[in-house]
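Peer 1: Going down the list, the protein sequences come from chains F and L.
Counting from 1, position 349 in the first sequence corresponds to residue 349 in our numbering; the numbering is continuous, with no gaps.
To convert, count from 1 in the second sequence and add 1000; that's our numbering.
It is worth saying that the hints were derived from the structure and are not from the lab.
By construction, the Cβ of each residue, glycine as well, lies at the ideal position given by its N, Cα and C atoms.
Treat each hint with caution, since some may be false.
[As the list claims (entries may be wrong)] Selected chain L positions facing chain F (in silico; Cβ < 7 Å): (1) Ser-1284; (2) Pro-1287; (3) Leu-1305; (4) Leu-1309; (5) Ala-1318; (6) Val-1319; (7) Val-1322; (8) Tyr-1398.
[What the hints assert, rightly or not] If you anchor each label on the Cβ, the simulated ranges turn out as follows: (9) L:Arg-1389 <-> F:Thr-155: 24 to 30 Å; (10) F:Leu-390 <-> L:Arg-1175: 31 to 37 Å; (11) F:Arg-195 <-> L:Asp-1224: 41 to 47 Å; (12) F:Gln-135 <-> L:Arg-1195: 52 to 58 Å; (13) F:Arg-389 <-> L:Ala-1140: 30 to 36 Å; (14) L:Gly-1040 <-> F:Gln-174: 29 to 35 Å; (15) L:Pro-1391 <-> F:Arg-195: 26 to 32 Å; (16) L:Pro-1391 <-> F:Asp-80: 24 to 30 Å; (17) F:Gln-125 <-> L:Glu-1260: 41 to 47 Å.
There are 2 protein chains.
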Amino acid sequence: MLSLPSSSSPEAWFLRRILTAVGQPPIRLDLGSHAVSPPGASPIATVVIRNRVALLKMMLQPEVGFGDGYAKGDIAVEGDLVGFLEAVYRSWPAVSSRRLRQLAARWMQSLRANTLRRSRNNVHQHYDLNTDFYQRWLDAELVYTCAYFPSPEATLEEAQIAKMDLVCRKLQLQRGESVVEAGCGWGALALHMARHYGARVKAFNLSHEQIVYARQRARQEGLDSQVEFIEDDYRNISGHFDVFASVGMVEHVGLSRHAELGRVIHRSIGNSGRGLLHFIGRNSPQPFSGWMRKRIFPGAYAPALCEALEILQPGNFAVCDVENLRLHYAKTLEHWLARFERSAELVSAMYDAPFVRAWRLYLAGSLAAFRTGALQLFQITFAGSECRRLPWTRAHLYEAEERLRQPKWMQTMS
Amino acid sequence: MLSLPSSSSPEAWFLRRILTAVGQPPIRLDLGSHAVSPPGASPIATVVIRNRVALLKMMLQPEVGFGDGYAKGDIAVEGDLVGFLEAVYRSWPAVSSRRLRQLAARWMQSLRANTLRRSRNNVHQHYDLNTDFYQRWLDAELVYTCAYFPSPEATLEEAQIAKMDLVCRKLQLQRGESVVEAGCGWGALALHMARHYGARVKAFNLSHEQIVYARQRARQEGLDSQVEFIEDDYRNISGHFDVFASVGMVEHVGLSRHAELGRVIHRSIGNSGRGLLHFIGRNSPQPFSGWMRKRIFPGAYAPALCEALEILQPGNFAVCDVENLRLHYAKTLEHWLARFERSAELVSAMYDAPFVRAWRLYLAGSLAAFRTGALQLFQITFAGSECRRLPWTRAHLYEAEERLRQPKWMQTMS
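Please take these sequences and the hints and turn them into a complete structure.
Peer 2: What follows is the structure, given as structure tokens:
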């Protein structure tokens, strides 16, 4: 349905082409002089395109054009931003899957491998933002990965602690064991492992800001003899450990480096160790969002489960357990987005309005992607071929609902 | 160490070559005139090769030659059969993995696709043996797949019921829902779903003997209005269902038919359904045992997890949960082998001594493979892209240890 009479103008034709390219979701595109929406259902939201340059950029590169236009303020979304993005994600599969696969293939070819230097730059661009900025909308422990909500009503704080403890239980972590963590953020998981499980942890991270913060926390909590934070690339991990853990780093490794990561893991824990990979994934290979890759997470790629298994196959690791926590990431992002909105003015003063809009779009888009299943969250638990510490069943993870609601460390703390 | 002086004879050279080909496990090969064992550890068992024809066949095709020679009685194992097979499985990876991969590749190429007709013949060869034979060593419900032991002390009977119930819980089966089961054996799971969950089940199987038995049971239990047993290939499944389940059939589908199975599943449950695949798998692609494929399971292939995911990717199914039940299959096989040995004389009267020896080797070899991790057992739970019945966590599977020890139907039965 063209809502204005001048349907044969180039502008209207452009708008219709954009609508078709994203699979005709129930949204309205409004250029001021012209507006279009698909026939049938009433539009969820209106995308206001404020000038023709923004329209042209969206024509040429729909995703990047939209994202940049939105951040700049040349494009606005009137109505429910998350609902609008969900509608687009839902309509997307209606576009020929063959075309998508071709797109994916092209994307893969254009992937620039994450070399040591490029990885450092990529990490710097995202994670070396002021810690104060992340404190505005993350939980108190600054855990910047999918939380685990024992029940949907749990707070974000509870859910991040529950996630860290779930990871430790999946790893069957024992007092005195050694752990290497690849990609440790602000150090919350490494400190949790030391504090509640008596583990000795070496945690690697390329972000200078995060490592400085994590070291300070370790000292403050008297855990610096148990936890060592190392500002270095996962490829430079050396030494032998009982356990390998990586929460939210595989996405930054890149497909072409999966085998290399696998060699690092095998070198670190041999055939007798065990490990866990926690990462954003897909149902099947697909390109990562172009705009996100350009503006938010340079070098990122969310692998299909099958692609992630390429990390584990060469070392003959056995997959013990895979859990999909997609709904938990949607819930996590609801919390993050709500907290972010409450701090938007403050953030705007720290950076500027385009920064706030870009981050809003990133958080809302991620929420929509997890809600619709465009993105998945996988936790893979794996074991070396000679690992002796295999649980008989998974019942120990869920011993009682009460235990989940009131985890071990809470009981022992009182 | 060559235990006899005539180490330079052709026979000794042959024996040494065989020992090297399997990676020098701590076993003794004894040809009567000559014997060899690797230096170091004392041998777990002695393989007595009774004539030179058997030796030659083992030289040419180690696995098939050994298996056929053992069944025929030309080769005997003195000592612990399972322990001997475990030692061989353990030494196997020491053989160059590159060579293994080449072998695998060759094997793949030589895979004969399982056409409708070939599948029927394959199934007939194994599953149309007299039901009375299987009753000698399976559980009372005749479940011929990996059981689930809530604790290692559970009986086989308890563990098979626990497995069927675990499958139903993973599927979150609801009263009145429709299920299609691909490969239903003697019907135990379909009947369990109808009896305890009020499901309506269409169950497919190519084995005439099994279908006849299953139909009779359904009538006897008054479940024939809820459960329909259909003697047909999974490719001929038609209709729309809430749930797809397949326990122990993927291994018989063959790699080249994975995409076809995926299309059948998608046609059956669309984007809103959910399903479960339970199958014998591997850590990475490897050829299936040559002897087993030739003598026990024609057309069989145990896929790597990644290969099995090829079934689910084209339909955009999300993997919700993967559980590795390898240790449970080892325990299941311990029960089967012990019961089989107790009935060996009876079975020998039904068939003959070579049949008993072949089945002993098959059960002992499978036990060794699961114990050593040469084989894995995967249960994949998956959901369509529009599935609304996703559990919030997996805690419902393990609500309490007590619930696992005394499952729902036991409580309601009393």
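Peer 1: Now tell me, hint by hint, if it's right for this structure.
Peer 2: Structure-based check of each hint:
{"no.": "1", "hint": "Ser-1284", "verdict": "holds, 4 Å"}
{"no.": "2", "hint": "Pro-1287", "verdict": "violated, 15 Å"}
{"no.": "3", "hint": "Leu-1305", "verdict": "holds, 6 Å"}
{"no.": "4", "hint": "Leu-1309", "verdict": "holds, 5 Å"}
{"no.": "5", "hint": "Ala-1318", "verdict": "holds, 5 Å"}
{"no.": "6", "hint": "Val-1319", "verdict": "holds, 5 Å"}
{"no.": "7", "hint": "Val-1322", "verdict": "holds, 4 Å"}
{"no.": "8", "hint": "Tyr-1398", "verdict": "holds, 4 Å"}
{"no.": "9", "hint": "L:Arg-1389 <-> F:Thr-155: 24 to 30 Å", "verdict": "holds, 26 Å"}
{"no.": "10", "hint": "F:Leu-390 <-> L:Arg-1175: 31 to 37 Å", "verdict": "holds, 36 Å"}
{"no.": "11", "hint": "F:Arg-195 <-> L:Asp-1224: 41 to 47 Å", "verdict": "violated, 59 Å"}
{"no.": "12", "hint": "F:Gln-135 <-> L:Arg-1195: 52 to 58 Å", "verdict": "holds, 56 Å"}
{"no.": "13", "hint": "F:Arg-389 <-> L:Ala-1140: 30 to 36 Å", "verdict": "holds, 34 Å"}
{"no.": "14", "hint": "L:Gly-1040 <-> F:Gln-174: 29 to 35 Å", "verdict": "holds, 32 Å"}
{"no.": "15", "hint": "L:Pro-1391 <-> F:Arg-195: 26 to 32 Å", "verdict": "holds, 30 Å"}
{"no.": "16", "hint": "L:Pro-1391 <-> F:Asp-80: 24 to 30 Å", "verdict": "holds, 27 Å"}
{"no.": "17", "hint": "F:Gln-125 <-> L:Glu-1260: 41 to 47 Å", "verdict": "holds, 45 Å"}
When held up to the earlier numbered hints, the structure conflicts with 2, 11 and fits the remainder.
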